[in-house]
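Protein chains: 2
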Amino acid sequence: MAKKQIRVRCWVEIDGDRFFGPGPAELLRHIEVEGSLSGAAKKMRMSYKKAWDIIEKLNSGSRNKFVQTFKGGNRGGRAEVTPHGKRVVARYQALTDKLNRVLDSNEGLIKLI
Amino acid sequence: MAKKQIRVRCWVEIDGDRFFGPGPAELLRHIEVEGSLSGAAKKMRMSYKKAWDIIEKLNSGSRNKFVQTFKGGNRGGRAEVTPHGKRVVARYQALTDKLNRVLDSNEGLIKLI
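First to last, the sequence lines map onto chains A and B. Position in the first sequence (first residue = 1) + 1 = our numbering. Position in the second sequence (first residue = 1) + 1 = our numbering.
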C-alpha cells in the first residue's frame, strides 16, 4: 500500500527573495545546540562556507542580528543565537506547527488521491 | 521600504515522491480553460513533452484518471479534466486558501523580521 502524505513548507521573502525558511531555522537550531558554526554545519552535512553565507545573509538582512560570532579558537570560534534569532525560530516553529495541524484536519485530499 | 511576505506551499507525496502540488494544479486549471494539452503547456511556457509527462504521472499514479485525452486533430487533439481531476484541484485550492488564511493571522513573524 502506497504511503500518501500532505506536506507543507513556509518561508519569508524580502522583496521577492527567500530570506527565512526551513533551512535557516534548522541551522539556527543546530548552532544553539553546538555553540559553533562549524559544528552546526557538520550536523547539517553542509560546508562551513555555506553555513557562513546563510548567517551573513540573516544578520545583514534584518534590523537585528540572528547570530553573534566570537573570533578566535580553532575552526572559527564560538557562535551564539541571539535572543532575536531565538524569537524568530520559535515564532516560525509555532507557525509551521499550526500549518501542519491544518493539514491533519484535511485528510480529504489524501483520501481523494 | 523592503516588502516582506510569508509564503506557503503544500503538496502531496506518494511514497516520498512529489505527486501533486502547485505545478500540476496550475496545469489542470489551464487544461480546463484551453481544452488541450498543447494550449495549456503554451500558457505555462512549458514544453508539450513536459506537460504530457506531468499528466501521464497523474493518470497512472492514482486510482482515477485526472485528464482524458482524445486522439486526432492537430497538435495532439483535445484534452479534458475529469470529474476526479476537478475534485482534486478544488480540494487542493481550498486547502491552500485555508493555509494562506493561517498566514494572514500570523503577521507577528513578519513584524519580528
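Don't take each hint at face value.
Within a straight-line C-alpha distance of at most 30 Å, the following computed DSSO-like cross-link-like pairs (lysine-lysine) qualify [what the hints assert, rightly or not]: (1) A/Lys-4 - B/Lys-50; (2) A/Lys-87 - B/Lys-50; (3) B/Lys-112 - A/Lys-51; (4) B/Lys-99 - A/Lys-4; (5) B/Lys-112 - A/Lys-66.
Not the full set, but computed from the structure, chain A residues with beta-carbon under 8 Å of chain B [what the hints assert, rightly or not]: (6) Lys-4; (7) Ile-7; (8) Cys-11; (9) Ile-15; (10) Phe-21; (11) Pro-23; (12) Lys-43; (13) Lys-44; (14) Met-45; (15) Ser-63; (16) Lys-66; (17) Ile-114.
Worth flagging that the hints you see were computed from the coordinates, not collected in a lab. Since the model is a prediction, treat every value here as computed from it, not as a measurement. Even glycine gets a Cβ: it sits at the ideal position worked out from N, Cα and C.
Structure-based check of all given hints:
no., hint, verdict
1, A/Lys-4 - B/Lys-50, "holds (28 Å)"
2, A/Lys-87 - B/Lys-50, "violated (46 Å)"
3, B/Lys-112 - A/Lys-51, "holds (27 Å)"
4, B/Lys-99 - A/Lys-4, "holds (24 Å)"
5, B/Lys-112 - A/Lys-66, "holds (15 Å)"
6, Lys-4, "holds (5 Å)"
7, Ile-7, "holds (5 Å)"
8, Cys-11, "holds (4 Å)"
9, Ile-15, "holds (5 Å)"
10, Phe-21, "holds (6 Å)"
11, Pro-23, "violated (11 Å)"
12, Lys-43, "violated (25 Å)"
13, Lys-44, "violated (22 Å)"
14, Met-45, "violated (20 Å)"
15, Ser-63, "holds (5 Å)"
16, Lys-66, "violated (12 Å)"
17, Ile-114, "holds (5 Å)"
The structure shown violates the earlier hints numbered 2, 11, 12, 13, 14 and 16.
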